[in-house]
Amino acid sequence: MAYKPSPAQPPSALLRQVRPLRLLLNQAERLEHLQRLLESQLQPAAREHCHVASWRDGTLLLVVTDGHWATRLRYQQKRLLAALQAMEAFGNLRRILYKVQPPLVPAKRGGHAAELSNSAAESLRDTAEGIADPKLRAALERLAAHAQDKP
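For the sequence shown, numbering that gives the first Met the number 0 begins at 0 and goes up steadily by one.
Bear in mind the hints are in silico, worked out from the structure with no lab data behind them.
Among the clues, some could well be false.
Derived lysine to aspartate or glutamate pairs resembling EDC-like cross-links, with alpha carbons at most 20 angstroms apart [unchecked claim]:
| # | residue 1 | residue 2 |
| --- | --- | --- |
| 1 | K77 | E121 |
| 2 | K134 | E121 |
| 3 | K77 | E87 |
| 4 | K134 | E87 |
| 5 | K98 | E38 |
| 6 | K98 | E31 |
| 7 | K98 | E121 |
| 8 | K98 | E47 |
| 9 | K98 | D132 |
Listed next, with one range per pair, are the computed distances between beta-carbon atoms [to be verified]:
| # | residue 1 | residue 2 | range |
| --- | --- | --- | --- |
| 10 | D56 | L36 | 27 to 37 angstroms |
| 11 | L30 | A7 | 21 to 31 angstroms |
| 12 | G57 | N25 | 14 to 24 angstroms |
| 13 | Q100 | L22 | 20 to 30 angstroms |
| 14 | D65 | Y2 | 45 to 55 angstroms |
Everything numeric in this text was worked out from a predicted model, so none of it was measured.
We put the CB at the ideal spot given by N, CA and C, even for glycine.
Go ahead and model the full structure; you've got the sequences and the hints to work with.
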């Protein structure tokens, strides 16, 4: 039996065909819509620090980047609650909860690589010329070659 590949389809079509993926995509689109509505009511400085995490049973859970922004948003909670309740999507909103979750920081690579200046590389090459041991000489030349890649 020969394998017949299925015709190529855009990812959005594939996501809508499989039921669990379709439900997940719909939920993500719903949260994105709620996020846009929330951002329309937030101060511009707070928008990047506050994200909709969930919306269920009249409770809106917002994830904020740190305690500073959680406190600032709690002070504005009554105004924000009233503004959101006026929108159709948040019609049955009863309360807003805040959860502090710092953003994920990528792990830093181990250490900072020191750069070799051209003058240091030249000094290494001069030193290597006077070395009789072939292994040590080759090692110094390899080390000096690191500066050659830079202008």
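Do the hints match the structure? See the list:
With a CA separation close to 68 angstroms, the supplied pair K77 and E121 exceeds the 20 angstroms bound. Restraint check: the Cα-Cα separation between K134 and E121 comes to about 19 angstroms, which is no more than 20 angstroms; the hinted pair holds. Proximity of K77 to E87 is assessed by CA-CA distance (about 18 angstroms); at most 20 angstroms being required, the pair is judged to hold. Restraint check for K134 and E87: the C-alpha separation of about 76 angstroms exceeds 20 angstroms, so the hint is violated.
Between K98 and E38 the alpha-carbon distance is near 17 angstroms, which keeps this suggested pair within the 20 angstroms criterion. Between K98 and E31 the CA atoms are separated by roughly 18 angstroms; this keeps the pair inside 20 angstroms, and the hint holds. Of the pairs offered as hints, the one joining K98 and E121 is violated, with about 57 angstroms between alpha carbons and a cut-off of 20 angstroms exceeded. At most 20 angstroms may separate the alpha-carbon atoms for a hinted pair to count; K98 and E47 meet this at roughly 15 angstroms.
Taking the CA atoms of K98 and D132, the gap is near 64 angstroms; set against the 20 angstroms cutoff, the hint is violated. The beta-carbon spacing between D56 and L36, approximately 18 angstroms, falls outside the hinted interval of 27 to 37 angstroms. At about 29 angstroms, the CB distance of L30 to A7 agrees with the hint of 21 to 31 angstroms. Distance hint for G57 and N25: a CB-CB separation of about 20 angstroms, consistent with the stated range 14 to 24 angstroms.
The supplied range of 20 to 30 angstroms is met by Q100 and L22, whose beta-carbon atoms lie about 24 angstroms from each other. Between D65 and Y2 the Cβ separation comes to about 53 angstroms, which falls inside the hinted range of 45 to 55 angstroms.
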